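Spelled out from the first residue to the last, the chains are:
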Amino acid sequence: MECPIRKRVRSRVVNKLAILFTFIGIITCDPNELCFTDNDTRVKISFKRIIYSNTDSSFLENDTLIFSRITALGTDSIFVESDTLSTVVLPVNTGVNFTVFLFDSNQGSDTLELSYKTISRLISVECGPEQIIEDLEAGVFTFDSLGILNTALLEQVITNVEVYR
Amino acid sequence: MLRYIVSVFLLFSVIRGFSQTDTARVRPPKPPKVKKELKEFMPTGVRFGADLYSFSRNLWDESKTLTEFQLDVDFRHYLLVLEYGTSKIEEIEEGFSYTSNGSYIRIGPEVNVLYDPSSLHVVSLGLRYGSSTFDDQLIYNTEDAFGNTLIAVSNEKAKAQWAEFTLGTKAHLWKGLFMGFTLRYKFLKSVQFNELEPHWLPGFGENRADDNNQFGFSYYLAWRFGIRKKVDKSVITIEK
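In order, the protein sequence lines correspond to chains A and B. So for the first sequence, the numbering used here puts the first residue at 1; every next one is plus one. So for the second sequence, the numbering used here puts the first residue at 1; every next one is plus one.
You may find that some hints are simply not true.
Said to hold, decoys possible - Only part of the chain A face toward chain B is listed, based on derived beta-carbon distances under 10 Å:
no.: 1; residue: L34
no.: 2; residue: N39
no.: 3; residue: T75
no.: 4; residue: D76
no.: 5; residue: S77
no.: 6; residue: P91
no.: 7; residue: V92
no.: 8; residue: N93
no.: 9; residue: L122
no.: 10; residue: S124
no.: 11; residue: G128
no.: 12; residue: T151
no.: 13; residue: A152
no.: 14; residue: E155
FYI, nobody ran anything at the bench for these hints, they're computed from the structure. Note that the structure is predicted; figures quoted are calculated from it, not measured. All C-beta atoms, glycine included, are put in the ideal place defined by N, C-alpha and C.
Produce the complete structure using the sequences and hints provided.
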């Protein structure tokens, strides 16, 4: 059986603790808003030449192409004009879920259709909205072959699509 | 011979009958263990409260209209808590507008860590399961190489679920009046959506992509309705 004095002290402590906790003010502050995110609306395409390939492994090297221009359907913008490149970074049309790119180079004219899923989100009220592009897939294309290395369009991704010759 | 057999049979029947009566008389009554244990889990009161923090937030943040109510059933050391709330968000800024409208429930047990039979104060640790249903919409403009595009995306009847650890107090102020707060650590967030990642989850708060956890705070003003115990004479007799 509990001692009455001890019981009374315990009861007082309980009461005081309960009231103290109740009237404690909570001071909170918002973490600093960081508007930078890793999401990107540009696709990174690398051109590769197959030097050696079998079922187990393949050896590739960068394929440098002389582009007269690179454009896309649905825009008058010219993304690349008279340049020699082995990697290009091209914007995708975020208003729809696919973009058809047109490549004019020393290798001829080629097209590449890329489809994707666009997700919108509000980073924060201060930073505004952004778009997340994921599930990248190749549709119709005229290149010999290609591979999708990364299906998400992110700043940190080096290559999304590799085009092979 | 038949008379003899019948007489012996009747004699045994009588003896057997007497012996059963004797056993019943001397057997002590079983202690009412089950009833005594059950008594500990009988509810002693029901508290109904409103979250003043949610209501006051409407005054200093015009974009948010929040309400939250809490009902808890007091089982001496333990409490069963049910919370219900609604949330309406309207963020209209230059270049975009975001609206969200939904409701949520949270349910879970709490243990009164400083339980004292002589006091009605509560200092509790608890767990919650939270679930919300909501509609939201984001309208904004994009300007890129493909021109100006007005994008309108929305979710209808989107769902979110999460879990919470809670630390709370309920201080007994006067008669049935209680005041107290609940601090929440929200985790295990799960959200279902289509082409719009929700910015605000009713009951959870801001849905940050880089952080699955969130802290929350509620400040309740509540009234406790005591549940009067029914006098069970049989239990009292047995306890003596």
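Each hint tested on the structure:
The closest approach between the C-beta of A:L34 and any C-beta of chain B is roughly 8 Å, which is under the 10 Å cut-off, so the hint is satisfied. Checking A:N39 against chain B: minimum C-beta separation of about 9 Å stays under 10 Å; hint holds. Hint status for A:T75: holds, given a least beta-carbon distance of 5 Å to chain B, under 10 Å. A least Cβ separation of about 9 Å between A:D76 and chain B falls short of the 10 Å threshold, and the interface hint therefore holds.
At about 4 Å, the closest approach between the beta carbon of A:S77 and any beta carbon in chain B falls short of 10 Å, and the interface hint on this residue holds. For the restraint placing A:P91 at the interface with chain B, the shortest Cβ-Cβ distance is roughly 5 Å, inside the 10 Å limit, so the hint holds. Checking A:V92 against chain B by beta carbon gives a least distance of about 9 Å; that is within 10 Å, so the hint holds. Satisfaction of the interface hint for A:N93 is found here, the shortest Cβ-Cβ separation to chain B being roughly 4 Å, below the 10 Å cut-off.
Among the interface hints, the one on A:L122 holds; its C-beta lies about 4 Å from the nearest C-beta in chain B, closer than the 10 Å criterion. Of the supplied interface hints, the one on A:S124 holds, with its beta-carbon coming within about 8 Å of a beta-carbon of chain B, less than 10 Å. For A:G128, the suggested interface contact is upheld, since its CB lies about 6 Å from the closest CB of chain B, less than 10 Å. Residue-level restraint check for A:T151 is violated (minimum Cβ-Cβ distance to chain B is 17 Å; threshold 10 Å).
Here the hint on A:A152 is broken, as its CB sits about 13 Å from the closest CB of chain B, past 10 Å. With 10 Å as the threshold, the beta carbon of A:E155 stays out of range of chain B, its nearest partner Cβ sitting at about 14 Å, so the hint is violated.
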